[in-house]
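Peer 1: So the chains spell out like this:
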Amino acid sequence: MSADDQRFGLQRHVILPGPLPLDGGGQLAPVEIAYETYGTLAPDRGNAVLICHALTMDQHVAGANPRTGKPGWWTQMVGPGRPVDTDRFFVVCANVIGSCMGSSGPATVDATGQPFGMSFPVITIRDMVRAQALLLDHLGVDRLKAVIGGSMGGMQALSWPATFPDRVEAVVVIASAARHSAQNIAFHEVGRQAVMADPNWRGGDYYGHDVPAAGLAVARMAAHITYLSEAGLTEKFGRRLQAREAKSFGFDADFQVESYLRYQGIAFVDRFDANSYLYITRAMDYFDLAEEHGGLLANAFRQTRARFALISFDTDWLYPTRESRSIVQALNAAGAPVSFVELSSPYGHDAFLLDSPDMNRVVAGFLGTAS
Amino acid sequence: MTLRADLAIIADHVAPGSRVLDVGCGDGALMAALRDSKQADARGLELDPRNVGAAVGRGLSVIQGDADIDLSGYPDASFDYAILSQTLQTCRAPDAVLGQLLRIGRHAFVSFPNFAHWRVRLSLLWGGRMPVTRLLPERWYDTPNIHHLTVDDFRAHLHERGITVEGAWFLSGDKQTRSAAANVLAEHAIFLLRGTDRASSVLHGNIS
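Chains as they are written, first to last, in this note's numbering: chain A, 1 to 371; chain B, 372 to 579.
Be aware that one or more of the hints could be misleading.
Unchecked claim - So the derived label-pair ranges between C-beta atoms look like this: (1) A:4 with B:373: 52 to 58 Å; (2) B:551 with A:346: 53 to 59 Å; (3) A:166 with B:511: 40 to 46 Å; (4) A:231 with B:503: 47 to 53 Å.
Honestly, the hints are just simulated from the structure, not real lab data.
Even for Gly, the Cβ is constructed at its ideal location relative to N, Cα and C.
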């Protein structure tokens, strides 16, 4: 891997010819992928690690986000001397298709010169994984030392050995599930309806006009609650009032928790495309790895020789421990080597994105990078 | 690193290349020994997340779980050996756990501290207090050992259930002691039992 190879480095973007056949029928061609790589691909190409991101995250896992200037979203996990050690591994993180950070999605301009909008095909988690495989082909990576992801990234990580059993040696799935529950789908539907009820949404054809900011902000507010725990919210906000001595007897953000959620909603609109939110939440709702394998989850893992590590958090009610346990049972039934630990954290689903020495220790141990 | 005496006996009697499930595997010391000296495919189940983390750090496959709850998910006869070392007496339903062990393993090792050891007897007889000994160091209110048993209790239980004993070892300190007086002299007992799966009789000829 030569230093001036334009395929490697931060803030990469490639247009691959495809075509990428899609689970929902039809295909995507070309396929645009925005990605970053860290570290050096070994001469035997045996040290590649793929990081899969969550719903609203991006390819900037360990490099600064050029738009916000903020550091990568998982720098405590990925970097020099970290559990996913970029001094040892060649790490790839790609923006999923359907998203809006540079990979093909509804905001991408189609062959007619107009943004796809709602004519973008509905995609699945497995489609995202197949797009990642196209990128790895482009990078000359046949086999992954490991694929790692949390939340929706964990769904992709689980799909990897099921879709490409011979291309992955180890799988780390954090705070995730093998299928979306009725409750998961229900929360996503609230978000989508909020977007589509915004008059600015215009059937998805809002590019060049005002965006459906109010709808997307409400969607984010509802979703954000699901990422936290009740105890965490109580500890952080309680019933405390926001910059006032008494209740206003009106509908301003009297409570700190209201003010916080409103801010989260508004900040999200600045960085995320509403249509992408519809497409990616749909892909998550459609995810049911057992269904893709004759209704038996164990069948998803019978072809692979990969090792697995699963981590859940005790206050995560979005993807609770029992979801991880059912994956563990299926892996046991398939005879796959699997480790599992439930970690304690007050932070709910969000815990996987925060610095957790316990999580770091387990991942480092599993990857063999523990000092 | 030297293994605890009961674990060393188990490790010595596991056939090379076996598939092993260590229930209550702690930090994975026995699993690591079986992997390194017997080329075993070892898997573990452990309640304490810190121990799970330590075992995973050794490159072992360990699942955080509870023997009383999580053994039901393992398929029948999916391991050559299921091991329950120093854990039986901490289970809420040790008889059910034993049944699961014999269902999952073609053979099962079970080791436990003997509550009829003479020191325990003396302590209770003369002191009138629940014994606190080297092997049973906790007091009555903080001990994880909620189902104390003796060698003879276990033998009787096996007899009642028609479970076949394939081997038994008894330890006083780190030394082995006679089987006949084990109920008095043994601090530790280790039993090798035959699994309930029919196929176990095939492998049986290969060990011993």
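Peer 1: So, for every hint listed, does it hold in this structure?
Peer 2: Status of the hints after comparison with the structure:
Checked against the hint of 52 to 58 Å, the C-beta distance between residue 4 of chain A and residue 373 of chain B comes to roughly 55 Å, which is consistent with it. Checked against the given bound of 53 to 59 Å, the beta carbons of residue 551 of chain B and residue 346 of chain A, roughly 56 Å apart, stay inside it. Taking the beta carbon of each, residue 166 of chain A and residue 511 of chain B are about 56 Å apart, not inside 40 to 46 Å as hinted. Residue 231 of chain A and residue 503 of chain B have their C-beta atoms about 38 Å apart, which leaves the hinted 47 to 53 Å range violated.
Going through the hint list in order, the structure does not satisfy hints 3 and 4.
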